[in-house]
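Asker: Each chain, written out:
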Amino acid sequence: MVELLFWPALLGYGEAAFAYASSRTSNAATWGVRIGWLAQTALLAVQAANADAFPWGSWSGSLNLFVWLVVGAYLIWGCRPRFRLLGLAVMPLAAALFAVARLGGGTRAGGHAHYSSLFLVVHVGLVLAAFAGFTLAAALAGLYLWEESRLKRRATNILRLPPLASLERLTWRTIAFSLPLLTLGLIAGIVRLREDGGSLDALEALTVGTWLLYGAFVVRRPTGRRAAYLALGGFALVIVARLALSAGHFA
Amino acid sequence: MKLIGVSHHVAPVELRERMTLDLEHAAELARSLGDAVCLSTCNRTELYVAGEADALDALESLAGEPLDGTAYVLHDDAAALHLFRVAAGLDSLVPGEGEILGQVRDAFEAVEPGPLLDRVFRQALAVGKRVRSETAIGESPASVSSAAAALAAQVFGDLKGRRALLVGAGRIGELAAANLASRGAEIAFVANRSAGAARELAHRFGGEPVGLDELGRALADVDVVISSTSAPEQILRAADVPAKRRRPLFFIDIAVPRDLDPAIQQLESCFLYDIDDLEAVVAETLAGRRAEAARAEQLVAEEAERFRNWRASLDVVPAIASLRAYAEQIRAGELAKVNVSERERRTLESVTQQMLNKLLHLPTVRMKEAAAGADGATYADAVRHLFGLDDPK
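Line order of the protein sequences matches chains S and G.
Here the first sequence is numbered in the numbering used here, starting from 464 and rising by one per residue.
Here the second sequence is numbered in the numbering used here, starting from 608 and rising by one per residue.
So that you can see chain G by itself, here it is in the shape it has in the complex (with noise of 0.2 Å):
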């Protein structure tokens, strides 16, 4: 297993915003290599590969530029810890943060994966649950979400009769305008290009649906604006922004690409935060999280240990499986040769299988350790040897 793939910890906004991809993208991009998964978020895109496929230039492709010194290539036990620590939240910005988990969960199930991706896969949504029930490291309110909520709170104080636009239907979007809900601000309109998704959303949130086209007599109506459309230009320019004003506007653009004008920001008494500005002003707030990701770098431990000790087991369950066979079958043809009653020929299909059942217990489980060590290919061989496994019957 290999994973190649570029983050936030190394590559800019303005790289990975060439790099971000849908998730019907992603997975195209993914059945595109055979049997991979493609995790693609505002923060990161990543190929996870089974095979032998070439995914560095996959995501050449997609970046446009050599990535060379940029990406990050983990293979096997390194790759399976990288994803459970992606997983659990541990890789983010924000430690911790609960989103990922979705979008990893989301990747998965996007494509049907080989059985060492599948098994890499759910136990990494396992430890990402894990994580969160037995550690606090998701209890303090610091995702991007939340973060976009407090700063909206630092500009207007109480959020209470504030009216915020939702543009788009992104699901960090979305958590935001919930958020912004749970602190008393209305979500007025809901925007998007597609009529029924702003309905929708509308609907759920209480506001009016509007058109992209819309935008401008919106803007005037409300104090925050949300946008984290997929479209990939700008939706929103500065000079769409209403001149007078006697209140602030507050504009978050989680979008990657993003959708509104960075020239925003110069405009009097409004105030733009993109991704990357959430990011910053989360990392500032997590000295308590940091402290419960210790925790939680233990349990990713531990998972990842369990994996790689699955992982070379696999190098004895072949010889395993044979030897049960090799032993079911002389089983099996020494039962044919008894003339006995059916009541009876039950009784000794049940006492054989027992013995049979205890008589290989203790070689397995020795084997499986032999595994976990470096020992397990050595054990296997003596295996196939000492019962001629592999000789020609």
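Here chain S stands alone, though its shape is the one from the complex (with noise of 0.2 Å):
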């Protein structure tokens, strides 16, 4: 069953990746994030299903409800027709974490947790919906570094895009939206470390990193280029911790 529903997902992510690169076929691309994101959410209910507790605890599982959290936030607004650069942005990386997802098994159902499916789903529910709003907040964070060379360049097309100080603005609103999400999912991972009376180990120090670096951005409100790169900083944070780190984390 899990097989029938990866497969169309992948396809609507893959399919929306390419499409989106012309105009003439953003529609299409939109209509491939929304029936794999369905496919993807029917995925993740069998799993649900099938599992006898928190079904993402792995580092594969992690990854596919990180790349669902993204997508779905992504379809919140961004598939309006002046945001489809950032649909070209964000549905690669999300087909290409989603298939690496399935490498490791995290596409498969009736996965096994060490822990509790309470303490998960605050803990990597939280954690990963604000990675999925730090990926998104890279995205437009690239999208005004590639808007504002635009200007710079003053091409012609450039009101098809959206303002630059929009794509500030909902760079700031994403991040600031997700800290909090993020500081909940490290108080209670700290919590239960400290019940367990273990020590950080090294993707939890990075996270603590990463919150700082995106607490700093929340009350320093960098603005300009220097904003764009930090938020594209921190989510190079968030990619070491998701890719690199994260298999001896939740081993």
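Just so you know, the hints here were simulated from the structure itself, not pulled from any lab data.
Every residue, glycine too, gets a C-beta built ideally from N, C-alpha and C.
Honestly, I wouldn't trust all of these hints.
Claimed, not checked - Some but not every residue of chain G turned toward chain S, in silico, with C-beta under 10 Å: (1) A760; (2) D884; (3) E891; (4) T892; (5) S948.
Stated by the list, open to error - Lysine-lysine pairs mimicking DSSO-like chemistry, simulated, CA-CA at most 27 Å apart: (6) K851(G) x K615(S); (7) K944(G) x K965(G); (8) K767(G) x K851(G); (9) K944(G) x K609(G); (10) K767(G) x K615(S); (11) K736(G) x K609(G).
To be verified - Only some residues are given here: those of chain G computed to face chain S with a beta carbon under 7 Å: (12) Y679; (13) A757; (14) Q761; (15) V762; (16) R853; (17) P869; (18) S876; (19) F878; (20) A887; (21) V888.
Hints in hand, dock the two standalone chains.
Answerer: Here is the structure:
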């Protein structure tokens, strides 16, 4: 069953990743996102129904959930025509991470978790939701830098893009919305760590560093290119946390 | 009639800015050529000449270089058609752009041209109005001034609460400022070389008048700068722009010659668009206007045909006038021979006048129709010969 749901989801995301490249096919791309996300939602529902505990506790399972959150957040407002280029940044990443999640076994049914479901829902769910927000913020920051360079080069089709100030404001708001989720997720993890008497591993330390960086971003509210670079820098930490360190954390 | 000119179609901004004249100097140049009108805008400098004056020489003097291959030369009907297209905004980069009609009117009213140029310019103004009222070509916001406001909104999003500095009292700059204001921006400062003009514009926009030497102070407190002076040199250099800012600064340089140092574009969070950039942006958004432009071209072609007919009728008008004068002379002579009372004379005057008009109506119409074709001169010669109009009396 999960096989039947994985492929439509991957195909939808993959189609969107390419179709967003042209304004003529951007409508088809948006439908690809919608169909893919619905298929992935069904996949997650099947995984949840077949699991005896929180089914996304492994690094690959959490990556699967992470992709679903990223695409879901993008679907809220990112499908509007002016944000077409955002889809070009988000959907290839989503498709690639979704494929990686499958290679790691994160899209299989019947997973088993070491920890209680409640803790994992709070800790993993909130941290991943925050990371999804940071991913979107990074895409917005990337779009900001691209559009700013277009304005500098006096591109003639610039009026089809979202205003620069909107991108800057959305980047800040997305991060400001995501940071409390990360804060709560981190607190849950640290409380659990203290109960177990363990110490911070590399992923946890990096996540705390990510929290500090985004915290500074929200408080100081940088503008212009500096803000975009900072959002992208934070996203680089998220990527390292998700791909390089999470396997050890979930082992 | 002859037209010699350069426009954005054939000349880069560097050349056009050397050839751009303010209204006063354009009128002066036209007068120096005799019966002429000089239309000079940031997009074109054109000389419409009715006499034999060497207009190309005058343009080359402005350009400071030979204009072979750059300037276009049109004669008579072709020149009139071009002027009609210009007045209708069809020769602009923005089809249907409305500012050019006012510029054509200003150029025409600044001089006192002879009958031919008077007629062609009056008709051009009528064509411009007709195209705007009978087509939707001017409805979408696609002028240089509205493009300037749209670009500012592209940087800042909502313009409410954004502050703008207007430098100079140029008409397009003023329009751009009005466009910004209509989107919610505040025209906070107006700077001009003339304190009076600055005060007047500032009063109109509710801003503060400042001198050109106070630009630095004003720059620190605004988001958008619109510059449209007629200054021959740059009025703002990159070094004058405050380096430490949290907000972007958007510069719109509508002036030709350009007012603002192009190096401003290299500064962080500074965006500078000159007249060519604005026009390129506008050109991108004009697919809808182009559909209307096809209808406008038809109207212009109709008007051009009317002008051609009018001009052709000039071939037969002297013959018609002579014929009518001859007939009137006979009528008056014969009436003088009649000895009747004053009341009866008035009746006879009226009756003979009506007879004359009815008799000459059809030949007059037919001659004008022939003139619209290629036979005007033949008919005129025939009438002169048949009635002995050229014979010594």
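Asker: Hints the structure violates: just list their numbers, smallest first.
Answerer: Numbers 5, 9, 12 and 17, in rising order.
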